[in-house]
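Protein chains in written order, with the numbering used here: chain A, 1 to 197; chain B, 198 to 737; chain C, 738 to 1158; chain D, 1159 to 1495.
To be clear, the hints were calculated from the coordinates, so they are not data collected in a lab.
The model shown is predicted, which means the values in this text are computed figures rather than measured ones.
The beta-carbon is built from N, C-alpha and C at its ideal position, and this holds for glycine as well.
Certain hints may be false.
Stated by the list, open to error - Here are the computed distance ranges between Cβ atoms for each label pair:
| # | chain 1 | residue 1 | chain 2 | residue 2 | range |
| --- | --- | --- | --- | --- | --- |
| 1 | D | Ala1461 | C | Thr1132 | 52 to 62 Å |
| 2 | D | Glu1451 | B | Asp228 | 34 to 44 Å |
| 3 | D | Ala1180 | B | Trp219 | 31 to 41 Å |
| 4 | C | Gly1099 | A | Gly107 | 36 to 46 Å |
| 5 | A | Lys89 | C | Glu1079 | 39 to 49 Å |
| 6 | A | Ala85 | C | Ala1127 | 24 to 34 Å |
To be verified - To list a few chain B residues with every Cβ distance to chain C over 10 Å, as calculated:
| # | residue |
| --- | --- |
| 7 | Glu256 |
| 8 | Asp375 |
| 9 | Lys446 |
| 10 | Ala613 |
| 11 | Gly665 |
Claimed, not checked - Chain D regions said to be covered by chain B (calculated; three or more residues, Cβ under 8 Å):
| # | region |
| --- | --- |
| 12 | 1180-1189 |
| 13 | 1199-1209 |
| 14 | 1236-1244 |
| 15 | 1413-1423 |
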Amino acid sequence: MFEVRIHGRGGQGVVTAAEMLSIAAFEDGFYAQAFPSFGSERTGAPVVAFCRLAEREIRSREPIMAPDALIIQDPTLLHQVDVFAGLKKGGFVLINTRNTFAELGLGDALRDWPAGRLCTLAATDLGLKHVGRPLPNVPLLGGFAALSGVIRLESVCKAINDKFSGKVAQGNVAAATAAYALVRAAIETERQEVAHA
Amino acid sequence: MDKPFAITLDPGSSLANRTGSWRTERPVYVDRLPPCNNACPAGEDIQGWLYHAESGDYEAAWRHLTRDNPFPAIMGRVCYHSCETACNRGRLDEAVGINAVERFLGDEAIRRGWQFAKPETETGKHVLIVGAGPAGMSAAYHLRRSGHRVTVHEAGPLLGGMMRFGIPKYRLPRDVLDAEMRRVIDMGVEVVLNSKVGNLLATMQDGRFDAAFLAVGAHIGKRASIPAGTVARILDAVSVLRSMEGEEKPLLGRRVVVYGGGNTAIDVARTARRMGAEPIIVYRRTRDKMPAHDLEVEEALQEGVMIKWLSTIRQAGESSITVEKMVLDESGFPQPTGEFETLEADSVVLALGQDVDLGLLDGVPGLEFVDGVVKVDGQMMTGHPGVFAGGDMVPTDRNITVGVGHGKKAARHIDAWLRGTTYVAPPKHPLATFERLNTWYYSDAPQTVRPVLDIIRRQSTFEEVQGGLDETNALFEARRCLSCGNCFECDNCYGVCPDNAVIKLGPGQRFEINYDYCKGCGLCAAECPCGAIDMVPEDG
Amino acid sequence: MLKQIEGSRAVAEAVALCRPDVICAYPISPQTHIVEGLGEMVKAGAIAPCEFINVESEFAAMSVAIGASAAGARSYTATASQGLLFMVEAVYNASGLGLPIVMTVANRAIGAPINIWNDHSDAVSQRDSGWLQLFAETNQEAADLHIQAFRIAEELSLPVMVCMDGFILTHAYERVDLPTQEMVDAFLPPYAPRQVLDPGEPVTIGTMVGPEAFTEVRYLAHEKQRQALELMPAVAAEFRAAFGRDSGGLVRGYRLDDAETVVIAMGSVLGTLKDTVDELRDAGVNIGVLGVVSFRPFPSAAVRAALQSVRRLVVLEKYFALGSGGVLAADVQMALGKNGGEIYSVIAGLGGRPITKKSLRGLLEMAVRDELVQLTFLDLDRTLVAKQLARERQTRRSGPAAESILRDVHGTMARNEGKKS
Amino acid sequence: MSFQPVKFYQTGTFTVGNRLLAPEQRSVQAATSRRNSLNSGHRACQGCGEALGARYAIDAAMEATGNRMVVVNATGCLEVFSTPYPETSWQIPWIHSLFGNAPAVATGVAAALKVKRLKGLLGDVRVVAQGGDGGTTDIGFGCLSGMFERNDDVFYICYDNGGYMNTGVQRSSATPPAARTATTEAVGPTPGHAFGQGKFVPAIAMAHDIPYVATATVADLRDLEYKVRKAMTFRGARYLHILVPCPLGWGAASKDTLRIARLAKETGVFPVFEAESGELTGSSKIRHVLPVEEYLRPQKRFAHLFGPKPDVAAIARLQALANRNIRKYRLLDEEAL
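Just chain A, with the same shape it has in the complex (with noise of 0.2 Å):
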């Protein structure tokens, strides 16, 4: 089981990352179960949703209370909610955000992550790079599968020609597909960074 929990605000599609990141899941042959914390809420308030990957059918309906995996959509959230709660040891972290985690004042408190695994993203920017509005929720699905390895990047796009058509999903292809260049790369350079440590 991996369980995925995603950070945003109301607005930025946190819900529809978690459910295209279960179908993306779903096009890899995964048992997927998507759902969000479910509330009344409104534009800008912050919100949570949540993804399980298994190999067989999930049955457990309760909320991720220990995720695998974080998605932070809206670094402003880190100082207003608590976003790593019951968060796994080592679990992967994908921020939307210019910064580095350093730069996010994050450096002391993931400290002994293995490499590999906290990685930021300009996603805004690539959403309004691609798709012209500043949605950062596929991008960082782009990330993600770059950055967990878990589900692949067609998928992903598989899943946003699900979600969209035209020239929106052609664009959020795009975004997704350089999102996860640039997160590959991101890695790539830690690794490198760690080996020469």
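For chain A, the structure is supplied; the task is to place chains B, C and D on it using the hints.
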């Protein structure tokens, strides 16, 4: 359909619930006597014949009408239509123009040549009728219808009596009169003109008559004792009117004074007007006391007839008369004032009423007389068995409609008498009063105005003054009838019953109450336009 | 066809496969996505002919469905929570008139205090309404139950309520196998109404029935519910044969063999329970799960048969009758009679409170040790309620309980914040 | 108004029928073949205006639709007196669901019939819904408004007797001011129903811009039938509001049901008109305008206005309301003014 128990039911099953048991009062259809019928001196079933006229079935209407009165074209012109005075519609807007519709039917019958049926069987009885006026000819018609042989003896040269000699042409064109007389003759009535019966019993014996009906009328003009100069021309109204029918018209001069206030006075004045005279009526009382029909007074005034109210003639000179002004005392009688006035007069026509020539009754035993007329019993029979009398020669209102009514009534009793029975009139229904009507249901519709001849021609010719209705407005007028007191199948009761408890039986069959379901709410009675439903308490 | 799909969408597509004639929609969370999906399909012509009616209230939604059903249309609507309560009069009416309407209830709590999250208060409040009430464990079952529901409803002339947990199922994306139209057509014949408003054969539907026949009417309605108990397993079996899946039926057991302790529950919590039971079994506890699919009619005989040699029962339900206790527990108790084992009634998941494996495991371990009290509220904040109760004992009028509790909750949070800083 | 009443001076304009009219000019109620949709044996009070109005309206609708029609009935007197098990008085396809949902049920029936038509299972069948004023203007108002705004193909008929008569004469939003009911008793300083309350649903119906809105009284059958016939020529939501006096609730003689309905119209208390797409298109003119007292006096529910000390002020206010109706709905013939 597999219907769930109790929740779903077959349609109309509530017929099992007889709601008639709720009733404490039951509606009952009734027939009432319409006020028009009640008021008609000729006993016409006015509502009955209007019913057919409403349908546009004028022949049926005419036949229904002529069951009681064979002269609708005449009656439609000269009748003073007390029916219209009695008509309930008069209290709603204006009375139904019954008279106009009657005339329309009469004219229509003449135009189309409708005839009376001849009797199917002959009784072998022979009835003598003396006088071919309204009463006599009416009796002749009814008796002939009953299968009796009828012979009319008329003293004059023409049929019609007062209809001809008392009514001017401008009120009753002679072709109309002739046509309606002719139709009676065509039933097989024998007529002997210029045959004055001098001795009734002798005539009856000679002719082997089984019964006689006397209707000689009142033709002797009353005279008043007016001091008159030798050359003053004083005539009586009846003579003047009668002479209008002959070759030689009366010479009245330009300034004609007519003395009297009855219809005859008006007739004479209007006749004189048409002959180029300037008539002036001298009457001792006021207009509202005048016995003449107001419509005729009005028409006379329109035509230029002058009326000198509250005046009596004191003296007649060669070319003038002296009148005395009168005043009405407290009881409405005129009293002399001593004030006098002189009027120019080429002639004076007295229209002070008529007397009956009773000469033919000399030697008839058993008769009783009162005020110069013969007394008859409730069956129109004089004190002499088999001799009946009617019209102006018996105590009555003197007008043509009354005469026609007498003729019918006498004929019924004569018929019964000849058959050795007694005619008993069927009991009359209670009157259909205005209060019983639900007038909401009658659309607002004023009476149709009949065309009237233009005034110039009325002053110079004897053309008929009042025109008739055409078919459209005759129908309109007929349909203004409220059918007081008798169901005319308006379907209101059928419609307004909340319990569908009125059964419509079909055209002409009227309705029935279904007492199985009638709850006795009374809506049918309340909403019956003509008051033909009574609510009757259920037996307690 | 396998799809990774939102539960609401799966239900919408399943309903569409049933070829509904009339769909009435009124928005209320968490049901809304279902009718949105259907509305889109009708507008796009994917369901035709079909009338999709945006009504002005849930009361109207059920009323429109009543009219449509009585006129011979296959009728569907969906609601939740307050919406279900708002239509209650019509809910009873539909069953009283014997109209085979199918309605999804996306289960949600009932206020006040207003709460949009999941529990079973809405559906269970209608347990006496005369509707058949089926609870789905998964979105697959939710989809399948709708197909079965139309079949059952129309065979019996009774309305069926398909209950699925709001948000937990309705908003969850998971794998659902949706059948083809041909398969559904073969399983579900066209609607042949028992009674219908037809000018060709007029009837009066919906009479007033007095004391002389009302008991009989009610008895017959009850008898029909008993017929449903026979029909539902048969339909489920037929469904399995046609679609190759277990869905529906009356009850479904999990690891009941040799189970001394059995947890009984309805809806999506069964999944979490099964995971928990697996863990306990791994730890050597003889425990199983019995899922109740058909809450109404209540399958007493099936429950009895499934629990023949069980020592103790934990009846876990997302609803309770205030002032009385567990409703499902009472039904189970009635079903088992005096021969049943110990019954523990557990109230859990009210108003969307997550039911975690951790809490369940703790609960069941206590149950196995017979340490549970007769009525347990899972994860109840005892400190908080004790405090409120104490306050209320002091002054009879201490303001609305919900607000006081919120004050306490926020107070606690503020204190915690204070500790943090 | 496009309705040209039969001008027939003896009777035809106002009576139910007349032997002289051509069959096509006769009212539906005049025909021996009339449907009697509401059959004998129902349990309505003597002189019930609603029973009469319902038969008038439904028979006319049946005629207009060639008997291809379904009726939905709200709870109320009409429903109770017509369908107590084991008997029903209805001879038509008829359903009763609840007090407040007849418009919605009718919407459902119409939807079902449309689908069946599209499937080729059924020809054109129309839907009529009916209820009393309680079921229409109060408890069913939400559903009514919803049916209106969606413009569902339903003809809704409200039988207005100004109160909850089925439950024992309580006040409804259609109860007129000053009227005594069981919940607005004729006691205290302002006896009877308050002034300034209540609503006139035909005007609200017009505000929905639905194709056809009309009012009628049970006293004018021809007008009523014309309006039913007219309504059935439209598709979409239509509304007919019929004044049906209740002898029991109004404290009037059972025989006076129609008279009082007539007086309601002739005094201007109840405006009779029709409107298309929200615009007034015609009014039934008052024939002989009468003071409101004529209408009030025969009814015991207004008896407190006419005690030893008549409530002149209240009567004047009622007269003012009638005058307003006369102006607003143009109830007097302009030529006559």
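Enumerate the violated hints, using their earlier numbering and listing them in ascending order. none
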